[in-house]
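Engineer: This is what each chain is made of:
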Amino acid sequence: MNAVFLISAGLSVMTTLLAITRTNPVHGLLFMVLSLLSMAGVFFSLGAPFAAALEVIIYAGAIMVLFLFVVMMLSLDKSSEKRERSWMSGKIWLVPVALACVLATEFGYVVMHTGPSSEPAHVIDAQMVGASMLTTYLPAVELASMLLMAALFAAYHLGRVTEPVARNKGAP
Amino acid sequence: MDLPWQMPVALSGILFVLGLGGLLARRNLIFVLMCIEIMLNAAGLMFVAGGARWGQPDGQIMLVLLLNLAAAEIAVGLVLVLRIRGQLRTLDIDDATMLRD
Chain H
1 MNAVFLISAG LSVMTTLLAI TRTNPVHGLL FMVLSLLSMA GVFFSLGAPF AAALEVIIYA
61 GAIMVLFLFV VMMLSLDKSS EKRERSWMSG KIWLVPVALA CVLATEFGYV VMHTGPSSEP
121 AHVIDAQMVG ASMLTTYLPA VELASMLLMA ALFAAYHLGR VTEPVARNKG AP
Chain Y
1 MDLPWQMPVA LSGILFVLGL GGLLARRNLI FVLMCIEIML NAAGLMFVAG GARWGQPDGQ
61 IMLVLLLNLA AAEIAVGLVL VLRIRGQLRT LDIDDATMLR D
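Chains as they are written, first to last, in my numbering: chain H, 1 to 172; chain Y, 1 to 101.
In short, the hints are calculated from the structure, not lab data. These figures come from a predicted structure and were not determined experimentally. Backbone N, C-alpha and C define an ideal beta-carbon position, used for all residues, glycine too. A few of these clues could be false.
With the C-beta cut set under 7 Å, the calculated list includes, among others, these residues of chain Y facing chain H [what the hints assert, rightly or not]:
1) V9
2) L11
3) L15
4) L20
5) G22
6) L24
7) V32
8) M34
9) M39
10) A43
11) M46
12) A72
13) L78
Label pairs and their calculated CB-CB ranges [as the list claims (entries may be wrong)]:
14) I14/Y <-> S145/H: 20 to 26 Å
15) W54/Y <-> S145/H: 52 to 58 Å
16) E142/H <-> R83/Y: 29 to 35 Å
17) I57/H <-> R27/Y: 38 to 44 Å
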């Protein structure tokens, strides 16, 4: 499990560095997805499989896809499409594919070598988390649901299509 | 064979500093939101590492609540990005100074 942790940690630092230094938002977001997947590997090697699953499903699966949709909504004209095609060609694929292959190999290794010897030292599974979350932490769960409701209302309210206001530059 | 507890903590610190540096350096709103996500994620790793260190499920519960927070924050943040883009026709955060002038 130490090797799994070390590889995942190195991968997540590397992909995070790549993500924050890209000029193209789509490339940055895809590196960010890789970083979150390797973070799921870190969680798994720490003995938190429930957290790893949540990381993949919610962070990489939902939040980053929301990001991608917004980035796609922001650039819809023809010239950006042409620019996009030039970004997506040639050797630009090599680094992401290599990093993703390392991650896939690691996941394959973990799946193949399940057993008492390869498990992390102290696994805290979903049952323990759920039992504690719905008893001790019940008020926190209620507060979280209120927060999500507030965010839903805010996004709905702010997201209505309105006419752009003319910006009076320089006026007091 | 047991992992020393300092290593996940160090990884969390490195990721947080990377996110903070990106937040200070970048001017594109999408990247600013992404760096905030990186920092939230580093904090979540710290929670999980603490939970694993003491063998308690509390760390993972904090991660679940943090995911809630990140989802709510990013929904409102992305809507605000769309509004800024619609009003100012740019994603540069240095141009969003309408409250100042």
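Engineer: Hint by hint, say whether it matches the structure.
Structural biologist: Hint check:
1. V9: Where the cut-off is 7 Å and the nearest Cβ of chain H is about 11 Å from V9/Y, the hint is violated.
2. L11: Holds. Min distance 5 Å.
3. L15: Given a least distance of 6 Å, the restraint on L15/Y holds.
4. L20: At 10 Å from the nearest chain H Cβ, L20/Y fails the 7 Å test, so the hint is violated.
5. G22: Hint on G22/Y: holds, closest Cβ of chain H at ~3 Å, below 7 Å.
6. L24: Check failed: Cβ of L24/Y comes no nearer than 11 Å to chain H, outside 7 Å.
7. V32: violated (10 Å)
8. M34: holds (6 Å)
9. M39: violated (11 Å)
10. A43: violated (12 Å)
11. M46: violated (11 Å)
12. A72: The hint holds - A72/Y has a Cβ within 7 Å of chain H, the shortest such distance being about 3 Å.
13. L78: holds (5 Å)
14. I14/Y <-> S145/H: 20 to 26 Å: violated (33 Å)
15. W54/Y <-> S145/H: 52 to 58 Å: Cβ of W54/Y to Cβ of S145/H: about 27 Å, so the range 52 to 58 Å is violated.
16. E142/H <-> R83/Y: 29 to 35 Å: Given range 29 to 35 Å: holds, Cβ gap about 30 Å.
17. I57/H <-> R27/Y: 38 to 44 Å: Given a distance of about 32 Å, which is not inside 38 to 44 Å, the answer is violated.
Hint violations for this structure: numbers 1, 4, 6, 7, 9, 10, 11, 14, 15, 17, all remaining hints satisfied.
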